[in-house]
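*Asks:* Listed here are the chains, written in short residue letters.
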Amino acid sequence: MSRSPIDVSSGRAPGGDDVLLSVDNLDVTFGSGSGAVHAVRGVSYEVRRGETLGIVGESGSGKSVTSLAVMGLLPKNAQATGSVRFRDAELLGTKDKPMSAVRGKKIAMIFQDPMTSLDPVFKVGQQITETLRVHDKDLSRSAAKARAIELLEIVGIPNADSRADNYPHEFSGGMRQRVVIAIAMANNPDVIIADEPTTALDVTVQATVLEAIKAAQHETGAALVLITHDLGVIAGLADRVLVMYAGRAVEIGAVDDVFYRPRMPYSVGLLNSLPRLDVEGRERLTPIIGTPPSLQQLPPGCPFAPRCPMRIAECSLAEPALVRVDGHSAHWAACIRSGELAGKDRYQAGNVFDTTGGDSQLPAEVGAAALTDDAGGYDASPLAAAQPSQPQSPDVMRPIDPPPADPPLADPLPADPTLADPTKREESR
Amino acid sequence: MLIFTIRRAISSLFVLIVSSFIVFMFCASQYDPLKPFRARNPLPPPSFFAAKRRQYHLDENIFLRYWNWISHLVDFHWNSWLFIRFNFGDDVNGAPVSTQLAQRLEITIRMVVVAAILAVIIAVIAGVVSGVRRDKPIDIGVTILTFMLLALPTFWFAAVIKQAAIALNEHAGTHFYTIGDSTPGYSLYASSSQVRWDEITHLTLPVLSLALLTTSGWIRYQRASTISVLDADYMRLARAKGVRWPTVIRRHGLRNALIPLVTIVAIDVGALFGGAIITEKVYVWHGMGEFLNGALNAEDTYSVAGWVMVSAIFVVVFNFIADLLYAVLDPRIRLA
Amino acid sequence: MTTQPSEMQLVVPGAPSPATPDEFGAPSMSQGRRALRTYLRSPLSMIAFVVFAFIILFSFIAPHFYHFTYTTADLNARSLHPGKQGHLFGTDGTGFDLLAQMMRGTQRDFIILLVSSVIAIVLGIVVGALAGYFGAFVDNVLMRLVDVMLTIPALVILIIAAERFPKLGALGLGVLLGLFGWMGLSRLVRAEFLSLREREFVEAAHAMGASNMRIIVRHLIPNALGTILVFGTIFAATSIVAETSLTYLGYGVHPPDTSLGLLVSNGVDAATTRPWLFYYPGLLIVVIVLAINLIGEGIRNAFDPRHNRVRD
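Protein chains in written order, with our numbering: chain G, 1 to 429; chain A, 1001 to 1336; chain L, 2001 to 2312.
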């Protein structure tokens, strides 16, 4: 499959703050031979001091694997190529001993499952002092203990001095995650990677954990890489966001740009699959039909094509490169038709998905139909046959020149008058 | 903790009483210690049988017999160990069972304790190394060895070792003792340190065969435990903190991996105190196992019941130790 | 607390599902079928299984084609070396052909193994499931029962039973071994059930109105299947070794019936002078037990969910 080289001179934010972590063309493969899984395929990003990069994607998109590759914690059957540079030092391929000097001190990580991340036989305080003393041999026990208590207080654990002598099983899930955050920030790292820190927790607890992460970032001034599938978390914390699909970055940009003016159909679909609070009455959710492709057998061309309502014949020929979106230097999208989404906000763009969101057909059937497609082109007839053809609303995408090979998409829902005038709509977070 | 101990003691007592009751009933109702006399030619007179029946309490109600036995089981006496003296009644020859059991126990304990210590050391080292270097040559080697050891019948293995030792003795001039727990009569003229050394050298072969067989199961267990610990999330977090891999294994992996083994060892050792019957027979050690064999052959109710009681006490005590150790090592376990 | 996606069961156990494309384009299978496939792919496990099956089949079928039987002793052909006068494995001191005896012995041992394993597994599952699922009082009572059984030496009961019922034979021995061997499995099953019963799918099953029995049988036992099967193979191996030990001590199988254990214990004295009487049956025992252990190891690997997981 084609790998698109990314123009690395991408998004240097105006102001030119120094880049702490630079991932370039990272490629991770598990196993070998016919059973090899190509989990990460040419991902590149940069993180600067103090900024927060959110990495978003479904399960299987490869987002966690990229962070494990950065930390050098991939399992033995994984091969990583490309480049991961921390302040000009190449991390990929570094041996355990020098890498251990970096982990926990320069780059720290917060893991997904707080229930199993902490060693059950050691006290919580001991697990914090361990990371302090492994990077500072001269630190005394009492000084380390005092710092550990201080850290627990910062992340919001009450009665920190007595709680430091408790064992992990005496804490709830949210509190354990806060301990993990305290461990991550203990040595004032330059980069903190949080791999789905709230996924395993209740919604009410998520907020407290996110607060703790914010506190950690504030206290250390570190750059934060926040990996999640929860768009709300990104919206609350991130400055820039990277959308991953099938092991590749398909859209990168500032949060505002990507969330309000997405230029890749997958991002559009993601954003539109969230229920809206600002609309009265009922509205059907618009899911993205089908399922992510198998990383062992990727279809040729754009991996999103089988599920994409905007696809055309050209989509299946080659994987689109990440291309700068017109007018923005820091917004990139990997879609040959991203230009058509220009000027639309996400809901307008999302209308493209409505036609495929009908529940008169089971997703599996449609997915199966899509998966059995060959590269020739999408046969819209099953769907078109199911939906009664409706007059097109002026807001729906118009076919552009050259005309697409498939018939124009029909829009079954009546046009929402509020969509006609973007200025009338209230932005709500 | 105290409450746990008390509750455990009570339920252990219950277990001891019930199992001793069952065994006693079984034996008392089925056994006929007079069998060898019945086969004699000429037959002894009825008065002989009557006297014997009185001696063996055979005419009494078996529930009464059990009650008499259990109620006189434990005696409190100044001189004795833990101030307790056991009274298991008399065996078919009129000798008190408890003294015999004490002698036998001392001999068996020697073998079992040394074998257990050796087996634990081997199991921990082989199991951890095997687990850390999974699928590498050393793991494959250890796995093959343990499977072979697991497959060997006890006495077959012990006999093979004995054969090998005899052959070595003949050809290489070594002095492996293949029979007995000590040289008979040695203590009459040798110094105590020489007697000790004599006992130790007699230990070599039986301990070797017992330890190797016991350790094979433990190695498999320890290996599995190590493998599952290595895969744990907290190991990954420890690495992410900047701790180097060998240190992570040592500090976080080992402690967590050893916990399950501790309970298994405690329970198995408790069971071993019943006497490694086969090993004792092959090497002709006069320990607990041989005693049971003899008692079963002679259909001696009191000997069997006494043996069961002693063996059961060990099992119960060691099960208790196992649970206690588990709670000490794993803070998640709180003894309710 | 939400369940980790990576921790969720792959399929609902108990019901084999037809192969349907799942989200990774690979056909999904039930746990049992997946385990079978993994097992079939492991060369060591397959070899062990083939060897074991061959030995058993051979021992039941070959006697029909062999000209010597285990009951006839030829007094003119005593203590023959292997290969002499058509006795493939030689003869013993009384003139019995060793190969015929070994085949018969293997038959008996197989019956003992089968009967004892079935009984031990059934009893172990029943007691363990009830103790683990219902917990509290039921658990307490059943575990005390287990403790009592553990302290009673099987030997005592076995010997008395052998006295009273001289026709014990392989079947009876198997039954008794099974009756004294289920305790270990009950502890294992109990531990599995204690943790399984907290999982959400049990709650879900309750909510759908499933009865306790249905939950235990259709949902919990299949989940504990790996542990049960592994124990089964270990127990099968130990029951053979136990039989040999018992026979060595003088209990167990008696002539004219024979078993591998009897052959070996008779052969102990002949180890130096007529080694074939000692080593041949002994090696056969080792091979059989080794094969069973390897099968068990293969089953354990097959049910191990770890190598199915590719991290996100």
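Among these hints, one or two may not hold up.
Per the computed footprint, the stretches of chain A lying under chain G, defined by three or more beta-carbons under 8 Å from a beta-carbon of chain G, are [claimed, not checked]:
no., stretch
1, 1223 to 1234
2, 1252 to 1263
3, 1323 to 1331
Pairs of lysine to any residue, SDA-like flavour, derived with a Cα cap of 25 Å [unchecked claim]:
no., chain 1, residue 1, chain 2, residue 2
4, G, Lys-97, A, Lys-1035
5, G, Lys-97, A, Arg-1133
6, G, Lys-123, A, Tyr-1326
7, A, Lys-1035, A, Gly-1294
From the structure, some residues in chain A lie toward chain G, with a derived Cβ separation under 10 Å [stated by the list, open to error]:
no., residue
8, Ala-1009
9, Pro-1036
10, Arg-1040
11, Ile-1138
12, Ala-1240
13, Lys-1241
14, Arg-1244
15, Trp-1245
16, Thr-1247
17, Val-1284
Everything labelled a hint here was simulated from the structure, so no lab data went into it.
Idealized CB from N, CA, C, for every residue including glycine.
*Asks:* Hint by hint, note whether the structure agrees.
*Replies:* Cross-check of the supplied hints:
1. 1223 to 1234: Coverage by chain G holds here, the residue count being 3 at a Cβ distance below 8 Å.
2. 1252 to 1263: It holds: at least three residues are needed, and the stretch 1252 to 1263 of chain A offers 4 whose Cβ sits within less than 8 Å of chain G.
3. 1323 to 1331: holds (count 3)
4. G:Lys-97 to A:Lys-1035: The given pair, whose Cα atoms are some 76 Å apart, is violated under the 25 Å limit.
5. G:Lys-97 to A:Arg-1133: Since the Cα atoms of Lys-97 of chain G and Arg-1133 of chain A sit roughly 19 Å apart, the hinted pair holds (cutoff 25 Å).
6. G:Lys-123 to A:Tyr-1326: holds (17 Å)
7. A:Lys-1035 to A:Gly-1294: Given that 25 Å is the threshold and the Cα spacing comes to 14 Å, the pair holds.
8. Ala-1009: With a minimum Cβ separation of about 28 Å from chain G (threshold 10 Å), the hint on Ala-1009 of chain A is violated.
9. Pro-1036: Constraint on Pro-1036 of chain A not satisfied, violated at 59 Å.
10. Arg-1040: violated (66 Å)
11. Ile-1138: violated (17 Å)
12. Ala-1240: holds (4 Å)
13. Lys-1241: holds (4 Å)
14. Arg-1244: holds (5 Å)
15. Trp-1245: Constraint on Trp-1245 of chain A satisfied, holds at 5 Å.
16. Thr-1247: holds (8 Å)
17. Val-1284: Since the shortest Cβ distance to chain G is 46 Å, the answer is violated.
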